[in-house]
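Protein chains: 2
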Amino acid sequence: MTEHVQDSAGTAGPSGPSRRDVLRRGMFIGGAAVAGGAVGAVADHIAEHHDAGDDVEPFYGAHQGGVVTNTQQHTVIAAFDLHTTSRGEVVEVLRRWSALAAALARGDSTTVPIYTPKDVSNAYSKTTQVSTTSDSLEAWQVGPSRLTVTIGFGRGLFLSDGKDRFGIAGAMPDELVELPHFAGDELDPDQSDGDLFLQACGDDLQVVFHAIRSIARISPDVAALRWTQVGYSPSNKAGTPRNLMGFKDGTINSNAHPPADLDATLWAGSDGQGWMRGGTYLVYRRIRMSLEHWDRLQVPDQEKVIGRQKVSGAPLGGSDEFDALDLTKRGSDGTPAIPATAHARLAAPETNNGAVIVRRAFAYNNGTTQFTERWPPWRQALEYDAGLLFLGYQQDPRKAFVPINSRLAINDALNQFTTHTASAVFAIPPGASGPGHWVGETLFA
Amino acid sequence: MTEHVQDSAGTAGPSGPSRRDVLRRGMFIGGAAVAGGAVGAVADHIAEHHDAGDDVEPFYGAHQGGVVTNTQQHTVIAAFDLHTTSRGEVVEVLRRWSALAAALARGDSTTVPIYTPKDVSNAYSKTTQVSTTSDSLEAWQVGPSRLTVTIGFGRGLFLSDGKDRFGIAGAMPDELVELPHFAGDELDPDQSDGDLFLQACGDDLQVVFHAIRSIARISPDVAALRWTQVGYSPSNKAGTPRNLMGFKDGTINSNAHPPADLDATLWAGSDGQGWMRGGTYLVYRRIRMSLEHWDRLQVPDQEKVIGRQKVSGAPLGGSDEFDALDLTKRGSDGTPAIPATAHARLAAPETNNGAVIVRRAFAYNNGTTQFTERWPPWRQALEYDAGLLFLGYQQDPRKAFVPINSRLAINDALNQFTTHTASAVFAIPPGASGPGHWVGETLFA
Numbered sequence: 219m220t221e222h223v224q225d226s227a228g229t230a231g232p233s234g235p236s237r238r239d240v241l242r243r244g245m246f247i248g249g250a251a252v253a254g255g256a257v258g259a260v261a262d263h264i265a266e267h268h269d270a271g272d273d274v275e276p277f278y279g280a281h282q283g284g285v286v287t288n289t290q291q292h293t294v295i296a297a298f299d300l301h302t303t304s305r306g307e308v309v310e311v312l313r314r315w316s317a318l319a320a321a322l323a324r325g326d327s328t329t330v331p332i333y334t335p336k337d338v339s340n341a342y343s344k345t346t347q348v349s350t351t352s353d354s355l356e357a358w359q360v361g362p363s364r365l366t367v368t369i370g371f372g373r374g375l376f377l378s379d380g381k382d383r384f385g386i387a388g389a390m391p392d393e394l395v396e397l398p399h400f401a402g403d404e405l406d407p408d409q410s411d412g413d414l415f416l417q418a419c420g421d422d423l424q425v426v427f428h429a430i431r432s433i434a435r436i437s438p439d440v441a442a443l444r445w446t447q448v449g450y451s452p453s454n455k456a457g458t459p460r461n462l463m464g465f466k467d468g469t470i471n472s473n474a475h476p477p478a479d480l481d482a483t484l485w486a487g488s489d490g491q492g493w494m495r496g497g498t499y500l501v502y503r504r505i506r507m508s509l510e511h512w513d514r515l516q517v518p519d520q521e522k523v524i525g526r527q528k529v530s531g532a533p534l535g536g537s538d539e540f541d542a543l544d545l546t547k548r549g550s551d552g553t554p555a556i557p558a559t560a561h562a563r564l565a566a567p568e569t570n571n572g573a574v575i576v577r578r579a580f581a582y583n584n585g586t587t588q589f590t591e592r593w594p595p596w597r598q599a600l601e602y603d604a605g606l607l608f609l610g611y612q613q614d615p616r617k618a619f620v621p622i623n624s625r626l627a628i629n630d631a632l633n634q635f636t637t638h639t640a641s642a643v644f645a646i647p648p649g650a651s652g653p654g655h656w657v658g659e660t661l662f663a
Numbered sequence: 219m220t221e222h223v224q225d226s227a228g229t230a231g232p233s234g235p236s237r238r239d240v241l242r243r244g245m246f247i248g249g250a251a252v253a254g255g256a257v258g259a260v261a262d263h264i265a266e267h268h269d270a271g272d273d274v275e276p277f278y279g280a281h282q283g284g285v286v287t288n289t290q291q292h293t294v295i296a297a298f299d300l301h302t303t304s305r306g307e308v309v310e311v312l313r314r315w316s317a318l319a320a321a322l323a324r325g326d327s328t329t330v331p332i333y334t335p336k337d338v339s340n341a342y343s344k345t346t347q348v349s350t351t352s353d354s355l356e357a358w359q360v361g362p363s364r365l366t367v368t369i370g371f372g373r374g375l376f377l378s379d380g381k382d383r384f385g386i387a388g389a390m391p392d393e394l395v396e397l398p399h400f401a402g403d404e405l406d407p408d409q410s411d412g413d414l415f416l417q418a419c420g421d422d423l424q425v426v427f428h429a430i431r432s433i434a435r436i437s438p439d440v441a442a443l444r445w446t447q448v449g450y451s452p453s454n455k456a457g458t459p460r461n462l463m464g465f466k467d468g469t470i471n472s473n474a475h476p477p478a479d480l481d482a483t484l485w486a487g488s489d490g491q492g493w494m495r496g497g498t499y500l501v502y503r504r505i506r507m508s509l510e511h512w513d514r515l516q517v518p519d520q521e522k523v524i525g526r527q528k529v530s531g532a533p534l535g536g537s538d539e540f541d542a543l544d545l546t547k548r549g550s551d552g553t554p555a556i557p558a559t560a561h562a563r564l565a566a567p568e569t570n571n572g573a574v575i576v577r578r579a580f581a582y583n584n585g586t587t588q589f590t591e592r593w594p595p596w597r598q599a600l601e602y603d604a605g606l607l608f609l610g611y612q613q614d615p616r617k618a619f620v621p622i623n624s625r626l627a628i629n630d631a632l633n634q635f636t637t638h639t640a641s642a643v644f645a646i647p648p649g650a651s652g653p654g655h656w657v658g659e660t661l662f663a
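Protein chains in written order, with this note's numbering: chain D, 219 to 663; chain C, 219 to 663.
One chain only, chain D, in its complex shape (with noise of 0.2 angstroms):
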């Protein structure tokens, strides 16, 4: 039985290919890396493959996945904090995942290449007697699903503690900002940052789960998981989907209707880091809503916070969802039809000099928490924390999230109902160009 199957981590034994071949063919065969019968059994089942079709993504090209991509039904997002000195061993991983990111979105089963640097220096490895490389199993046979990973750096890859530590502060993009302090504030520093990033999007849950669990433990000695949060993008069937208010989000600014010229707005050019050309970058809030709050205002009074009508869409003053916002119109007593404080207003690009973020709408449902609502009657309740997880994605956060966030949260009316409470933000490399090729490439090579 052995004899048949691959070790595509080039851990167990020097009888299989190399980790490099394997890497340089791009993809893994079902299998585990140990002996035994009842293992042989799992391999001789789990060969699983998918050729390109509707439910098939691509890993590989100019651009990585899940950013223009459309919207799938759920996501996980994770980051990573790194517990390594050596550049080599970042660049390991980041081979692994990209290599394994690949496999799991063609839907392959795959053999999870676990990673264990020689000189173990944190306190995962030293706990645990045992490891293995097969796969968890729990998404087999529920198909690829349109199953997209996107990888990400945070700045403490290239800076930590002002340390350079990998060699590469020289190449941190100044796109890679370190947000101000937005009036409001109330982020969990532990839900919030990291080293590196993950983002899986797909159309199953268990499918989307999986990607990550199966991504994270390839070297948590290297890459420990620093937090991850579930989300899922509401359906309509009949247009727009409708965020946990009940208004629909993603009229504007949003990947549903990504604005005409992506190489002026979304993806990094010539002007910036030459390794991040192609990439792009992202701005991670996760904004629960008092919805308790929220249900209790009159239905004409969310449309003055919002700007827009809540069963149309359209905007105050309008009739289609996707008229253009007349930020002129006054209404027959004379105050703007879209109020000054009004959410849309401040979001326009036309307030904004035309700046845009391609957004990825995802609510999030993180049970019931004790809270402080943020506005008068500051009430103190159990509510839930649900919300929103805004993943904005932009050419450069200077100009886009940063301005149009700054004013946000001093002006919108929407602030009495949301509160930032996680937040980062992340270089998106260009994607892998094809097998044997990874994410970080182009930094790293």
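Derived by calculation from the structure, the hints in this document are not laboratory data. Hints are not guaranteed to be accurate.
When chains are identical, the list treats them as one kind, so a pair holds in a single copy or across two.
To be verified - Listed next, the in silico SDA-like pairs over lysine to any residue satisfying Cα-Cα at most 25 angstroms (straight line):
#1 K617 / I505
#2 K617 / A389
#3 K455 / V274
#4 K381 / S453
#5 K455 / D273
#6 K455 / A555
#7 K455 / R324
#8 K381 / E310
#9 K455 / T639
#10 K547 / Q291
#11 K381 / Q516
#12 K617 / G492
#13 K617 / G487
These numbers were taken from a predicted model, which means no experiment stands behind them.
The hints should help you fit chain C onto chain D, whose structure is shown.
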């Protein structure tokens, strides 16, 4: 516009039909119980009615839905504390819960029948000036999605600090047990128990959470949220779904393959409290899985823990998923094919006087939290707070869950990888027989 708008709660003025009329008719008409053009526009649009069909599960019937109903893809469960000393207020809330649940199950976009008791004693209303009865709209046009809403009663409805709160202590079923402390329990009291319970299940999470949120806001002054928990049903296009450990889950002891005689094992009969006949008892346990630890175990060892083969789901020593467990069979080395500590052996009806539990299997994923594993090497790390929502229905927990789990808690090899972190027991009354009737009527009327 307002003459077409039904006041389903009877709270907005004298002109509408009384609440009792509406409840008797058993449905709410889309609309908002306030005057005004913008809200009138909402009322025009949100009227929506679905006839019974593939995606509508009945609310009314001898038994409540959501027990033997084919498991839907998503669930949100919620428990409530009662903040009232008035039996009449509890009845009022239960009437409204039932009527709204029936409307939501049909996919109607409804007015939420807000109930404000005369004597407001808790902090919720004191600090909230405005309320609205409009549907929050986030699930509008998504469809019924096989929504079921199941209502349950905790021990606290009958006795609170030893006091007969509502004059019904004598009607408390003996089956509604206080669970003993089981070995290894690490229960969070803030995520456990409750006076009232709601289980919403459906094939769309937006619809499911909308149901909980709509019902919960009927009267936060009387029934305040205590905890909520989101879960999902793993998909498997090729048979029994796999839980997060990668093993098929639901081969026995599940609603997918229920016992033949439900009247002997599931539904309350003539032995106990008469008002519970046709009802059942739910034991809820949130079971965290140490997935990082599990993933490091070789497959043959995982199979010994479970007592089944990972790929096929067949019992060890058998060849098909649905083979009967052969608890006497021994391997060539003389040891039992299914080890003495295997989960399948210890949970099997054969080793528990035939006791079976009708279980709905949902996974949950609450992100990552710091955790100390209960077993050597007692690893402390940031780990997934993910695992399984055990929702087990049975005629009498004293004959099913309690004895079964007492043995499992001590002997099950699976305990090395699982921790029970939340717990509750609820009486699930019989179904409401039809429009105008309500869950709990057999107890209170």
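To see whether the hints hold, each was checked on the structure:
{"no.": "1", "hint": "K617 / I505", "verdict": "within (21 angstroms within a copy, 46 angstroms between copies)"}
{"no.": "2", "hint": "K617 / A389", "verdict": "within (20 angstroms within a copy, 66 angstroms between copies)"}
{"no.": "3", "hint": "K455 / V274", "verdict": "both (22 angstroms within a copy, 16 angstroms between copies)"}
{"no.": "4", "hint": "K381 / S453", "verdict": "neither (45 angstroms within a copy, 46 angstroms between copies)"}
{"no.": "5", "hint": "K455 / D273", "verdict": "both (19 angstroms within a copy, 14 angstroms between copies)"}
{"no.": "6", "hint": "K455 / A555", "verdict": "neither (30 angstroms within a copy, 51 angstroms between copies)"}
{"no.": "7", "hint": "K455 / R324", "verdict": "between (27 angstroms within a copy, 17 angstroms between copies)"}
{"no.": "8", "hint": "K381 / E310", "verdict": "within (21 angstroms within a copy, 64 angstroms between copies)"}
{"no.": "9", "hint": "K455 / T639", "verdict": "neither (31 angstroms within a copy, 37 angstroms between copies)"}
{"no.": "10", "hint": "K547 / Q291", "verdict": "neither (37 angstroms within a copy, 46 angstroms between copies)"}
{"no.": "11", "hint": "K381 / Q516", "verdict": "neither (53 angstroms within a copy, 40 angstroms between copies)"}
{"no.": "12", "hint": "K617 / G492", "verdict": "within (19 angstroms within a copy, 69 angstroms between copies)"}
{"no.": "13", "hint": "K617 / G487", "verdict": "within (14 angstroms within a copy, 68 angstroms between copies)"}
In summary, the structure is inconsistent with hints 4, 6, 9, 10, 11 from the numbered list given earlier, while agreeing with the others.
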